[in-house]
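**Q** Residues per chain are reported as follows:
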Amino acid sequence: MAWASASAFSRSRCCRSANGAKRWGPDQLRRLAWCAGAAYCFLLIGFIDDTFALGPRAKFAVFVVASVGAVLAAGVAETLPIGGGIVLEFGFWIGLGGSMLWVFTLVNCVNFMDGANGLSMGSTAIGLAALGATSLAAGATDAAVLAFCGAGALAGFLVWNFPKGRLFAGDSGALFAGALAATASLMAIEEGGISPFIPPILFFPLLADALLTLAWRASKKRDLLDGHAEHIYQIGLRSKLKHSQVSVAYWVVTAIAARSASSRPKHGAARLRWRIKRAR
Amino acid sequence: MTLAPASFAPVIAFGFLVVLALMISGATRKYAAARGMD
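Chains as they are written, first to last, in our numbering: chain A, 1 to 280; chain B, 1 to 38.
If you're looking for bench data, these hints aren't it; they were derived computationally from the structure.
Keep in mind that this is a model prediction, so the values were computed, not measured.
You may find that some hints are simply not true.
[What the hints assert, rightly or not] Here are the computed distance ranges between Cβ atoms for each label pair:
no., chain 1, residue 1, chain 2, residue 2, range
1, A, 94, B, 22, 36 to 44 Å
2, A, 44, B, 34, 41 to 49 Å
3, B, 23, A, 224, 35 to 43 Å
4, B, 22, A, 58, 31 to 39 Å
5, A, 86, B, 18, 13 to 21 Å
We treat Cβ as the ideally placed atom computed from N, Cα and C, and that holds for glycine.
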């Protein structure tokens, strides 16, 4: 659904470019296709995992490879502006590692947090909508197309998933949504020059719950690859809060975090390379 | 708040959220431990 919407919207942008709007052509379409293709790779991994139950180590290896592919499709973030005109330059390989870590982390966090009706998909939808608005403000049309289409598709999904859980995303859907969010973020950084700190703010509640739980489990010397029910939202569910209450609380926090990152997003200093374009 | 060019705002906002998340996470885990839900 997201891909169909992206294609349709892309074509409409191509037509409008003749009237003086930002030039849109085959390069942008190709780039969107690569990014959507990378997201679909994660969907396929989720499907295979649901069907054949990949082991944690095999899944880890496959995720790393798919994350590298997604970064090459979306763009490598090689610089990190920290304010005051200070820009840390990392070069291609460290940039590739950092960008890969971003995709790997967000994809997994969205999947780990998909345990209450509407929580993960709703928060991702809000983050994507905010990313779309931020990207548009920064002139990153490609990223905005991907983000808005993803947000729209997830909103449609939520009609069925929230609050009664008549439809579930499963690993396939959660990994796809996470990959879409991660690649759209990289595109927004590369194309619009937004600060690399903004995407983590937009998806902060999902990242914070998943990563702090991971850190807490590490401090208790528990196996990080084992399944568990120790996330903050799961504590909420155990303390007899409804799925809908927990989900709405995460949506509100995501919206507040997103609002804080929504105005004048350009930092103007990051110069990132679009590897697909360079390679041609 | 503005996330303007060369601004510290994104870093400050991110840092603020991290501190807030640490506090909320710590408080929730204490709450869960006190009620045997951890």
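**Q** Hint by hint, work out which the structure violates, then give me just those numbers in ascending order.
**A** Numbers 1, 3, in rising order.
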